[in-house]
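**Q** Listed below, chain by chain, are the residues.
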Amino acid sequence: MVMDPRLTSDLTPELKDIVMEIESHAKNLGLDFFPTIFEMVDYQQMSEIAAYGGFPTRYPHWRFGMEYERIAKSYEYGLSLIYEMVINNDPCYAYLLRSNSLVDQKTVIAHVYGHCDFFKNNYCFSHTNRKTLDEMANHGSRVRRYIEEIGHDEVESFIDICLSLENLIDQHGPHIRREYKPKDKDNYDESLISPDKLPVPKLPSLRGYMEGYINPESYLKEQQAKVILEKEKEKKFPESPVRDVLKFLLDYAPLSSWQRDVLAIVREEAYYFAPQGQTKIMNEGWAVYWHSKILTQLVLKDSEVIDYCDHYAGVVQMSGQRLNPYKLGVELMRHIEKRWDRGQYGLEYTLCDDPLVRKNWNKSANKGMEKIFEVRKFHNDITFIDEFLDEDFCEEAKLFTWVQDRRSGQAIIHDRDFKTIKRELLDTMTNFGHPLIDVIDGNFRNRGELLLRHRHQGKDLKIDWAVETLKNIQKVWNRPVNIATVIESENKIIHFDGSEPRIEKGIQFE
Amino acid sequence: MKMETDVNRFRKIVRGKIKDNLKRFISSGELIGRQGNKQVTIPLPRIDLPRFEFGNNQQRGVGQGEGEPGDAVSQGQPQPGDGEAGQKPGEHSMEVDVSLDELAGILGEELGLPRIEDKGKKNISQKKYKYQGVLRNGPESLRNFKRTYKEALKRQISIGDYTPDRPIIIPIKEDKRYRSFRIEEKPEASAVIIYMMDVSGSMGDEQKEIVRLTSFWLNAWLKHNYDNLDTRFIIHDAIAREVDEHTFYHTKESGGTLISSAYKLCEKIILESYPSSEWNIYLFHFSDGDNWSGNDTNECMTLLDNFLLPSSNLFSYGQVESRYGSGQFLKDLEKHYGEQNEKVIIHQIKDRDGIMNALRAFLGRGK
Numbered sequence: 001m002v003m004d005p006r007l008t009s010d011l012t013p014e015l016k017d018i019v020m021e022i023e024s025h026a027k028n029l030g031l032d033f034f035p036t037i038f039e040m041v042d043y044q045q046m047s048e049i050a051a052y053g054g055f056p057t058r059y060p061h062w063r064f065g066m067e068y069e070r071i072a073k074s075y076e077y078g079l080s081l082i083y084e085m086v087i088n089n090d091p092c093y094a095y096l097l098r099s100n101s102l103v104d105q106k107t108v109i110a111h112v113y114g115h116c117d118f119f120k121n122n123y124c125f126s127h128t129n130r131k132t133l134d135e136m137a138n139h140g141s142r143v144r145r146y147i148e149e150i151g152h153d154e155v156e157s158f159i160d161i162c163l164s165l166e167n168l169i170d171q172h173g174p175h176i177r178r179e180y181k182p183k184d185k186d187n188y189d190e191s192l193i194s195p196d197k198l199p200v201p202k203l204p205s206l207r208g209y210m211e212g213y214i215n216p217e218s219y220l221k222e223q224q225a226k227v228i229l230e231k232e233k234e235k236k237f238p239e240s241p242v243r244d245v246l247k248f249l250l251d252y253a254p255l256s257s258w259q260r261d262v263l264a265i266v267r268e269e270a271y272y273f274a275p276q277g278q279t280k281i282m283n284e285g286w287a288v289y290w291h292s293k294i295l296t297q298l299v300l301k302d303s304e305v306i307d308y309c310d311h312y313a314g315v316v317q318m319s320g321q322r323l324n325p326y327k328l329g330v331e332l333m334r335h336i337e338k339r340w341d342r343g344q345y346g347l348e349y350t351l352c353d354d355p356l357v358r359k360n361w362n363k364s365a366n367k368g369m370e371k372i373f374e375v376r377k378f379h380n381d382i383t384f385i386d387e388f389l390d391e392d393f394c395e396e397a398k399l400f401t402w403v404q405d406r407r408s409g410q411a412i413i414h415d416r417d418f419k420t421i422k423r424e425l426l427d428t429m430t431n432f433g434h435p436l437i438d439v440i441d442g443n444f445r446n447r448g449e450l451l452l453r454h455r456h457q458g459k460d461l462k463i464d465w466a467v468e469t470l471k472n473i474q475k476v477w478n479r480p481v482n483i484a485t486v487i488e489s490e491n492k493i494i495h496f497d498g499s500e501p502r503i504e505k506g507i508q509f510e
Numbered sequence: 001m002k003m004e005t006d007v008n009r010f011r012k013i014v015r016g017k018i019k020d021n022l023k024r025f026i027s028s029g030e031l032i033g034r035q036g037n038k039q040v041t042i043p044l045p046r047i048d049l050p051r052f053e054f055g056n057n058q059q060r061g062v063g064q065g066e067g068e069p070g071d072a073v074s075q076g077q078p079q080p081g082d083g084e085a086g087q088k089p090g091e092h093s094m095e096v097d098v099s100l101d102e103l104a105g106i107l108g109e110e111l112g113l114p115r116i117e118d119k120g121k122k123n124i125s126q127k128k129y130k131y132q133g134v135l136r137n138g139p140e141s142l143r144n145f146k147r148t149y150k151e152a153l154k155r156q157i158s159i160g161d162y163t164p165d166r167p168i169i170i171p172i173k174e175d176k177r178y179r180s181f182r183i184e185e186k187p188e189a190s191a192v193i194i195y196m197m198d199v200s201g202s203m204g205d206e207q208k209e210i211v212r213l214t215s216f217w218l219n220a221w222l223k224h225n226y227d228n229l230d231t232r233f234i235i236h237d238a239i240a241r242e243v244d245e246h247t248f249y250h251t252k253e254s255g256g257t258l259i260s261s262a263y264k265l266c267e268k269i270i271l272e273s274y275p276s277s278e279w280n281i282y283l284f285h286f287s288d289g290d291n292w293s294g295n296d297t298n299e300c301m302t303l304l305d306n307f308l309l310p311s312s313n314l315f316s317y318g319q320v321e322s323r324y325g326s327g328q329f330l331k332d333l334e335k336h337y338g339e340q341n342e343k344v345i346i347h348q349i350k351d352r353d354g355i356m357n358a359l360r361a362f363l364g365r366g367k
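For the record, the sequence lines run as chains A and B.
Take the first sequence: its position 174, counting from 1, is numbered 174 in the working numbering, and each next residue is one higher.
Take the second sequence: its position 10, counting from 1, is numbered 10 in the working numbering, and each next residue is one higher.
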């Protein structure tokens with residue numbers, strides 16, 4: 001039976017050959033990736049897959065519907081076009097848009113291999129589940145089961161709550177083993193009441209007459225203070241601030257089992273997607289770097305070059321107010337390659353402040369390729385920008401800072417000062433541009449209230465949203481909840497106990 | 001398609017949002033300008049889940065491009081994304097398409113409007129079986145062959161019971177899908193709305209806008225209730241003439257006011273085209289209530305009593321407040337018909353915010 005080719009997601013024989021060709025080029029150039037499966041989809045399927053964040057099997061939720069309508073509509077209006085989608089999985093799955101021209105397909109295929117290599121090798125992704133496609137399907141069927149048991153509205157509104165807390169995770173958590181095992185402690189531990197009776201550790205002294213010298217009074221006092229401080233910490237719950245608020249809620253909030261599972265699902269997916277947010281610039285830069293190298297040097301026929309360039313110009317166009325991660329990423333990658341090829345690194349180069357000498361510096365080190373492979377393995381966007389965005393690059397790439405003019409609402413170029421640009425850039429990328437929030441106290445005021453802390457670093461929270469979010473946390477915690485923050489340079493606590501939100505006088509943290 | 005469910009859930013939320021904002025839409029006229037072919041594009045604030053986020057004291061950021069400090073940043077075009085975007089702020093509104101019919105339904109729910117009772121012609125209203133959706137249970141006669149076949153095929157492939165060379169598909173009970181239906185009672189009748197408006201000098205732009213908004217929603221609701229809806233427009237000062245919709249809202253006339261002229265023309269139109277035994281006739285008259293003379297007012301009452309009221313479902317008089325009008329006509333009507341006349345609804349529309357109440361008054365009787 002011959003199937004209508006439009007009904008299958010199989011590639012055409014022509015595209016299959018191209019995929020094989022590009023794959024072998026990518027391998028020869030040193031890229032290292034999971035097996036990659038390409039599928040052909042039409043724009044509706046593409047919009048659908050994109051709305052689900054790449055996973056057609058995700059749990060049901062209205063926001064995917066909203067996203068779908070938005071994407072499909074902007075496609076219909078010709079405003080934007082999704083060329084490609086690739087997901088971090090083993091094997092990698094990538095989707096090609098059926099209506100793309102052959103040159104576009106070639107570009108996308110090469111681009112995808114760049115991403116796949118990045119997924120496999122960059123350290124940020126090292127803890128992600130490589131069977132996420134299956135995992136997402138699992139999540140989907142679990143949520144669907146709860147919907148059947150509990151009801152669509154109830155489950156969906158609980159998902160809403162979880163999603164509004166989705167960003168309260170510890171993005172570095174997967175790489176660190178943080179020890180906060182709950183200790184089995186005796187509730188009637190006397191030492192908690194009078195910690196000054198605790199045994200103080202002494203240095204060993206074999207001879208009695210040396211005791212006063214080895215363990216002098218001042219030393220003992222110091223030790224005792226330390227012991228008491230430790231004990232005080234134990235009284236606290238949690239002992240030290242917890243960044244992974246979702247984990248804390250999972251462990252200690254009074255949730256029913258289905259709620260706990262839904263929250264766990266949302267948290268797991270947030271951790272899965274976090275590395276993509278952490279490496280957006282690098283990941284795109286890396287993929288563009290490789291697709292342009294593979295295509296222009298190895299794949300393109302003469303007749304295709306113009307079309308390719310046209311497309312490429314679209315991908316790396318400057319977009320004014322918003323930094324184009326494709327452009328910034330690929331330019332910085334090439335900048336690094338160039339510097340290391342010419343030996344523009346090391347103490348001698350750093351100390352050199354003659355612009356002409358710096359410019360013409362060439363030691364023919366030829367370490368560029370080696371260096372960018374190293375960069376793609378060990379960096380994330382923040383360290384990438386922090387380490388390699390230098391003054392020369394800043395000027396070449398025509399970066400600037402802008403501010404919104406208060407009166408006209410227009411964005412105005414503020415300045416082109418290297419330090420300001422870099423600070424601003426790093427600032428917006430820290431914690432994905434979200435506020436840093438952690439759990440300070442799970443037994444605040446000794447009444448089982450929850451106290452969160454916003455580590456204020458110059459920017460206030462959006463208060464109305466903070467209140468709404470707090471309401472959602474209260475629904476999970478079931479006891480009054482608080483967040484300590486700074487509002488217009490004053491310490492404040494926003495308090496919500498289920499009735500009316502209040503803003504109270506704040507506390508000073510050390 | 002799996003997405004269908006999610007889109008429907010989203011639409012349900014949107015419906016709620018529209019309901020919440022209905023008052024604003026009714027009085028602002030935002031929607032009328034966005035009315036396409038049976039679809040209305042509604043601007044709504046983007047539905048977002050709250051998060052801990054930074055407030056926007058002042059927007060700032062890093063960009064890339066030409067220009068000196070102090071220059072405005074050129075707005076780049078959106079880039080071809082790869083579907084991973086979405087963390088950036090910016091788009092805080094969205095547009096959703098809603099059919100006029102659905103909108104009218106929302107209006108009806110929100111205003112608590114009763115279903116319109118047809119003018120004594122119940123026999124014409126018809127039951128319709130509307131097929132919608134697919135169920136797992138049902139009578140064999142409604143079995144959806146294609147869906148059932150697909151389900152069976154899916155099942156057989158997944159358990160390895162399918163050989164392409166001998167493609168025999170045997171559906172079992174779990175595979176069967178049935179069409180489901182709903183009985184809808186649809187009045188088959190037709191209706192005509194005749195709008196009359198006073199365009200004398202005292203009716204300003206704002207007054208006309210109020211009339212325009214009111215009639216938009218009246219249209220929407222009546223269209224929701226009748227399959228076949230005609231609209232006719234009459235403007236009058238001292239003389240009346242029939243115009244098209246555009247002229248109706250945009251003519252600026254001046255001069256005296258003889259309301260009877262409009263009623264006479266209205267009578268003529270009904271006699272010519274709309275026999276009252278077959279048509280549900282709705283008359284809406286908007287004026288600032290400044291009639292030329294008491295004599296003319298008396299003539300109006302005669303016209304109403306003798307012909308217009310007996311042949312129509314409803315006569316509604318909306319008096320738009322204007323600075324110049326005396327508003328006498330409203331008082332005269334009230335005196336003549338009292339507060340409780342079956343077929344006459346008299347309502348004063350103070351300003352835009354009054355439109356909602358006017359709609360409730362005009363349509364609240366279910367006639």
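No lab work stands behind these hints, which were simulated from the structure alone.
No experiment lies behind these values; they were computed from the predicted model shown.
Check before you lean on any hint, since a few could be wrong.
[Stated by the list, open to error] The list that follows gives simulated cross-link-like pairs (lysine to aspartate or glutamate, DMTMM-like), each with its CA atoms no further than 25 Å apart:
hint	chain 1	residue 1	chain 2	residue 2
1	B	K2	A	E156
2	A	K398	B	E95
3	A	K293	A	D310
4	A	K73	B	E68
**Q** Look at each hint and say if it fits the structure.
**A** Results for each hint:
At most 25 Å may separate the alpha-carbon atoms for a hinted pair to count; K2 (chain B) and E156 (chain A) meet this at roughly 16 Å. With a C-alpha separation of about 35 Å, the suggested pairing of K398 (chain A) with E95 (chain B) is violated against the 25 Å cut-off. A C-alpha spacing of about 16 Å is found between K293 (chain A) and D310 (chain A), which places the hinted pair at or below 25 Å, so the restraint holds. With a C-alpha separation of about 37 Å, the suggested pair K73 (chain A) and E68 (chain B) falls outside the 25 Å cut-off, and the hint is violated.
Checked against the numbered hints above, the structure violates hints 2 and 4; every other hint is satisfied.
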